[in-house]
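*Asks:* Please work from the sequences and hints to get the whole structure.
Protein chains: 2
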Amino acid sequence: MHSESNKILVESIKRLFRRDATSHLVKIVKKTHAADLALVFESLSNYNQRRLFDLIDDVGMKGEVFSNLEEDTLLGIVEGMNVDDIVEVLDLMPKDDVADLLGRLPVEKSDDILEKMKKEGSEEVEGLLHYEDDTAGGIMVPEFIALEEGITAGEAIRSLQKEHLDVEMPFYLYVVDANGKLIGVSSLRQLVVVPPNTPLKNFMTTDVFAVKTDMDQEEVAKIVARYDILAVPVVDDTNKLVGIVTVDDVIDIIREEATEDILKMVGVGEEFVETKSIFSNIKMRMPWLFASCVGGIIASFIIGYFQSSLTKLAYLAAFIPVIMGMGGNIGVQSSTITVRGLATGRLSIRDLWTVVSKQLLVGLMLGLFYGFAVGVVAQLKYSRELFALSVGLGVLSSMTMAALAGSLVPMTLAKINIDPAIASGPFVTTAIDIISVSFYFIIATTLLGI
Amino acid sequence: MHSESNKILVESIKRLFRRDATSHLVKIVKKTHAADLALVFESLSNYNQRRLFDLIDDVGMKGEVFSNLEEDTLLGIVEGMNVDDIVEVLDLMPKDDVADLLGRLPVEKSDDILEKMKKEGSEEVEGLLHYEDDTAGGIMVPEFIALEEGITAGEAIRSLQKEHLDVEMPFYLYVVDANGKLIGVSSLRQLVVVPPNTPLKNFMTTDVFAVKTDMDQEEVAKIVARYDILAVPVVDDTNKLVGIVTVDDVIDIIREEATEDILKMVGVGEEFVETKSIFSNIKMRMPWLFASCVGGIIASFIIGYFQSSLTKLAYLAAFIPVIMGMGGNIGVQSSTITVRGLATGRLSIRDLWTVVSKQLLVGLMLGLFYGFAVGVVAQLKYSRELFALSVGLGVLSSMTMAALAGSLVPMTLAKINIDPAIASGPFVTTAIDIISVSFYFIIATTLLGI
Chain A
3 MHSESNKILV ESIKRLFRRD ATSHLVKIVK KTHAADLALV FESLSNYNQR RLFDLIDDVG
63 MKGEVFSNLE EDTLLGIVEG MNVDDIVEVL DLMPKDDVAD LLGRLPVEKS DDILEKMKKE
123 GSEEVEGLLH YEDDTAGGIM VPEFIALEEG ITAGEAIRSL QKEHLDVEMP FYLYVVDANG
183 KLIGVSSLRQ LVVVPPNTPL KNFMTTDVFA VKTDMDQEEV AKIVARYDIL AVPVVDDTNK
243 LVGIVTVDDV IDIIREEATE DILKMVGVGE EFVETKSIFS NIKMRMPWLF ASCVGGIIAS
303 FIIGYFQSSL TKLAYLAAFI PVIMGMGGNI GVQSSTITVR GLATGRLSIR DLWTVVSKQL
363 LVGLMLGLFY GFAVGVVAQL KYSRELFALS VGLGVLSSMT MAALAGSLVP MTLAKINIDP
423 AIASGPFVTT AIDIISVSFY FIIATTLLGI
Chain B
3 MHSESNKILV ESIKRLFRRD ATSHLVKIVK KTHAADLALV FESLSNYNQR RLFDLIDDVG
63 MKGEVFSNLE EDTLLGIVEG MNVDDIVEVL DLMPKDDVAD LLGRLPVEKS DDILEKMKKE
123 GSEEVEGLLH YEDDTAGGIM VPEFIALEEG ITAGEAIRSL QKEHLDVEMP FYLYVVDANG
183 KLIGVSSLRQ LVVVPPNTPL KNFMTTDVFA VKTDMDQEEV AKIVARYDIL AVPVVDDTNK
243 LVGIVTVDDV IDIIREEATE DILKMVGVGE EFVETKSIFS NIKMRMPWLF ASCVGGIIAS
303 FIIGYFQSSL TKLAYLAAFI PVIMGMGGNI GVQSSTITVR GLATGRLSIR DLWTVVSKQL
363 LVGLMLGLFY GFAVGVVAQL KYSRELFALS VGLGVLSSMT MAALAGSLVP MTLAKINIDP
423 AIASGPFVTT AIDIISVSFY FIIATTLLGI
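First to last, the protein sequences are chains A and B. Using the numbering used here, the first residue of the first sequence is number 3, and each one after it goes up by one. Using the numbering used here, the first residue of the second sequence is number 3, and each one after it goes up by one.
Hints are computed from structural coordinates only; laboratory data are not their basis. There may be inaccurate statements among the hints.
Heads up, the list lumps identical chains together, so a pair's fine if it works in one copy or across two of them.
[Unchecked claim] With a straight-line cut-off of 27 Å between C-alpha atoms, the simulated DSSO-like cross-links for lysine-lysine are: (1) 314 with 383; (2) 417 with 224; (3) 118 with 417; (4) 32 with 121; (5) 16 with 417.
*Replies:* The structure is reproduced here in structure tokens:
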């Protein structure tokens, strides 16, 4: 659904709420896909969110809406429901989503819910609650199709007709030994293509990618993306198959990680802050700004040191903004290219000197160009050659250094296993500011003898 | 494969090349997954790339390596091959990847190749070449399973055993009418679950998501991600089924778009520039820096205007960096949060005033805090109350304005359908620089009467 048609849907639903047109609303809700309906919830008041949720007839759809809601909205709706109604919905939801939700509820409430859930389901959910949120164990679903190696294709098809009806992505058939250890994989497709009396072990693939429960979710996502697979099996330390991570969850992870990278680059925390309170916004943004403030104050002390030169030649100050601005901009370009290159795997820390020397050369050439341009402007305005030369050299040195630092710092951080995304942060940019301004004043006062 | 084990693989292969240990290399190549092998190519010289490629025995694997290579590497290898060898590989590759590759070769060469390809395949590829690269038509594969509504589940299974063996993702079965128009969808799963004599039309889902060939790839990716589907059917203007877009390609698109967003934010083009030449690096980064340079020069004229005040009070200049720096930093934070929020759909243009007033409030509170802090430093250093007050007010106004502009500009751009990512670019940041510096000088000269 396009954002345009989504907007229309939200507007209609709001209008119908104002008119209390319940029967009309029920009809719209029935026709709408759960993923679209979940988006509508985000635009409603908490009161209308609860009203709309009550208008959903089908419990399965309630579950799908739950799976698609943002955390805050979900908790708001669950808060107003009694435990029996919650349990009814959760019984029909994928177990990984249930575990996610329960992990966010107060302990007493989640215990209550677990107790009342269907026994089989609640055991699986409890199992999932033990894994860290951002590991393979935390994002896997415990429902999958596991068959023993001895059975035939025909038997496998017959078992699919009776069992495993709740499996989310029934495309891979995992083959396990008598102890539940993963030994191979096959697909529905192969099942219908081979003669019915062929045993699984004759046509299964034994070369199967599997991940451990404690693998970081980002690594899991990379594997699924790299090998173009629809689901990856998750095994415990004994190689026992315990769940699968499906490609739809991998898509969500890839998106989250990209957002995390971007936000980290400007020092606003790792998670999305927009929906957070003003107070936590301030708290998260404070440290980055603090570092930048300290840097600015250091720069003010340096300029203060050249006070007597400034008194003699006041327009020395006029070019501080352009020198800082050009260095800052080319620095953020270099660091962004480098950080993103490392994150997507297009750059490798092995290429350190290739990358850095390329950025240095780019900085040098752009620095020569813009140093010349700004120097000409300074000469035209103040007609003083040595001053114009100082300004030009100030721009050149600021841009060259910034391009160098913007690539060298993230590459070095990556080499010593620190997240390079912090390199575009205030420490580096502020350091460049301070050095640029110092260079400019030293060059100018030396050349002009003031 | 982890980057660590990938590194080991690259090192071993390089060592074996130096030793000319061909038989050992052939063994390693056989054991390695094509996606991993493709990564190795990126770290080799062009000469060794061709040697390694020749060591691949299996033509199917050659095709998989082709599908996984970066564009430059791929073109380098293809250049050194004769047309017959290329055709042999392409015949076994997914048609969308073939079309991508041919689109990048010189016309004579791609015509040659098309002529020699198996007739059926070359027609499909030629069809794909007509669509724009970044539309549903450009990223779809023309192989899919389409069955007529009248046939039964049993007949469908039998047809799968003979036909459609080259389909990449045989999980959805599309149901078409006599004219090839899409009327429903079913799955392999349903096929094996229903009694064999049930006609498709009795159990197919008629509510099927389909996209038009000219839909932007980003929209297609959003649909696949939103509805958690593995493939989306692509139809032409007459609703005839012409291809499918699979989830593995969608993952690549989501990654590309995130990179594009990040790079656009710092003005280094829309595509990844790191692997491009120094010259195109410079060309792409030039305009952003140019805008920033013009802005800096304007700021220098404004400061030049206050030349006489500066002569009287030289340390006025000392706080220019901190005022510009604090505004710049909080501005880039606000615009990043807003731009990324809009891109991920977590913020909507309907929330304009909520978003902007929140950012304004955050800017105001942080501005009060840091304005006070920097003012205190100025007072301690220069012991002049009105000057310290000017500095504090300068920081406050700069931060407040930057937070406001950082959210208001991207929201407004999105509202009038311009890509908000450009808002963090030099126009906005430079404008804030200029206004901040002007405010500071106006406040200071007024308060101090100089």
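*Asks:* Each hint should be assessed against the structure and marked as holding or not.
*Replies:* Hints and how they fare:
1. 314 with 383: both (17 Å within a copy, 21 Å between copies)
2. 417 with 224: within (20 Å within a copy, 35 Å between copies)
3. 118 with 417: Result: close neither inside a copy nor across copies, 51 Å intra and 48 Å inter.
4. 32 with 121: The answer is neither: 30 Å in one copy and 48 Å across copies each exceed 27 Å.
5. 16 with 417: For residue 16 and residue 417, only the inter-copy Cα distance (21 Å) is at most 27 Å; the intra-copy one is 53 Å.
The structure does not agree with the numbered hints 3 and 4 stated previously, though it agrees with the rest.
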